[in-house]
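Chemist: The task is simple: from the sequences and hints, build the whole structure.
2 protein chains.
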Amino acid sequence: MSRVAVLRIGYRLVRDDRITTHVALVARAFGADSIYTVGSEENLIEKIRALNNRWGGDFQVELTDDWRDIIKQWKTAAGLVVHLTMYGMDIGAVEEIRLKNKDVLVVVGAEKVPRRLYGLADYNIAVGHQPHSEVSALAVFLDRYFKGKELGKEFQDAKMKILPSAGGKNVIQL
Amino acid sequence: MSRVAVLRIGYRLVRDDRITTHVALVARAFGADSIYTVGSEENLIEKIRALNNRWGGDFQVELTDDWRDIIKQWKTAAGLVVHLTMYGMDIGAVEEIRLKNKDVLVVVGAEKVPRRLYGLADYNIAVGHQPHSEVSALAVFLDRYFKGKELGKEFQDAKMKILPSAGGKNVIQL
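Chains as they are written, first to last, in our numbering: chain A, 1 to 174; chain B, 1 to 174.
It is worth saying that the hints were derived from the structure and are not from the lab.
Straight-line alpha carbon distances no greater than 27 Å define the calculated DSSO-like cross-link-like pairs of lysine-lysine that follow:
| id | chain 1 | residue 1 | chain 2 | residue 2 |
| --- | --- | --- | --- | --- |
| 1 | A | Lys-112 | B | Lys-153 |
| 2 | B | Lys-100 | B | Lys-72 |
| 3 | A | Lys-169 | B | Lys-100 |
| 4 | B | Lys-169 | A | Lys-112 |
| 5 | B | Lys-149 | A | Lys-147 |
| 6 | A | Lys-149 | B | Lys-100 |
| 7 | A | Lys-159 | B | Lys-112 |
| 8 | B | Lys-149 | A | Lys-153 |
| 9 | B | Lys-112 | A | Lys-153 |
| 10 | A | Lys-100 | B | Lys-147 |
| 11 | B | Lys-112 | A | Lys-161 |
| 12 | A | Lys-149 | B | Lys-147 |
| 13 | A | Lys-112 | B | Lys-159 |
| 14 | B | Lys-149 | A | Lys-100 |
| 15 | A | Lys-169 | B | Lys-112 |
| 16 | B | Lys-100 | A | Lys-147 |
| 17 | A | Lys-149 | B | Lys-149 |
| 18 | B | Lys-169 | A | Lys-100 |
| 19 | B | Lys-153 | A | Lys-149 |
| 20 | A | Lys-75 | A | Lys-112 |
| 21 | B | Lys-147 | A | Lys-153 |
| 22 | B | Lys-169 | A | Lys-72 |
| 23 | A | Lys-147 | B | Lys-147 |
| 24 | A | Lys-112 | B | Lys-161 |
| 25 | A | Lys-169 | B | Lys-72 |
| 26 | A | Lys-147 | B | Lys-153 |
If you want a taste of the chain B side facing chain A, the calculated C-beta under 8 Å gives, among others:
| id | residue |
| --- | --- |
| 27 | Leu-25 |
| 28 | Leu-51 |
| 29 | Gly-128 |
| 30 | Val-140 |
Computed from a predicted structure; not experimentally measured.
From the three backbone atoms N, C-alpha and C, an ideal C-beta is built for every residue, glycine too.
Modeler: See below:
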């Protein structure tokens, strides 16, 4: 099965810390295998390790200081680079991307991204053409890409598991 | 047509400021009519007003200091209260909610929410049972609720409009 990774490009380091954490949590919860982040808080790796330990799976975080290099590596390995931007093509293009059955690198930026990213990407895709958030754009893109099946994914070696409940919290220890 | 509003309950005021902004942007971009926020930054109203002016629509922000009162008002008016939480029922229940054809108040919290919220809500719904973000939970819930049609919504009286583009930015002045 093909791999999905996320590349988060941040530009306003301190302000974006918590947003970057949310982007990483979304990548993990919506079925991606890993995230590369630029200039993120160092304890993100530790946070995600603790989360994997508790809730399962082996989602990986890699810090990088050269996003262009990540894109280059990905293209050299014949992966697709998909940049999420409100200026891109309608999200319906996700069908075409899925049918290619290749590894996918999903790139999300903060408010401003370098213009050359548009040219480097194989696809520039818009999750709607109104401003919202890289957190929501990533979630909805992955939800469409995996056709909703990612929400039923089993995370291996979890210590805790939630049993769906109409009116409260029902968590079992495994 | 029935109305959809979002109620954002925040608990760690300063840390949650930017997340609250993202929640508001998601509510607007994914077809909700308004958002109530608790203890949010005051300039959120100004930000959204500027956004409406530029990108259209009349999405409303209302500050409140009593979330229970908002829920009570909503229930008195026969609206449904839907609380998004990783502990809730699977998202498939959104079909049942849509079929009821009522006004919907979607409640999203920060990491911790008061326990009594579970009992006050008509539905506790999980967008997956892994931790992620209220920003992504809201986006995916609304995307499912509106069956993706919200992304094609026209925002009235916009000054700018994006034309979908494969490789750059194409914005027209209206």
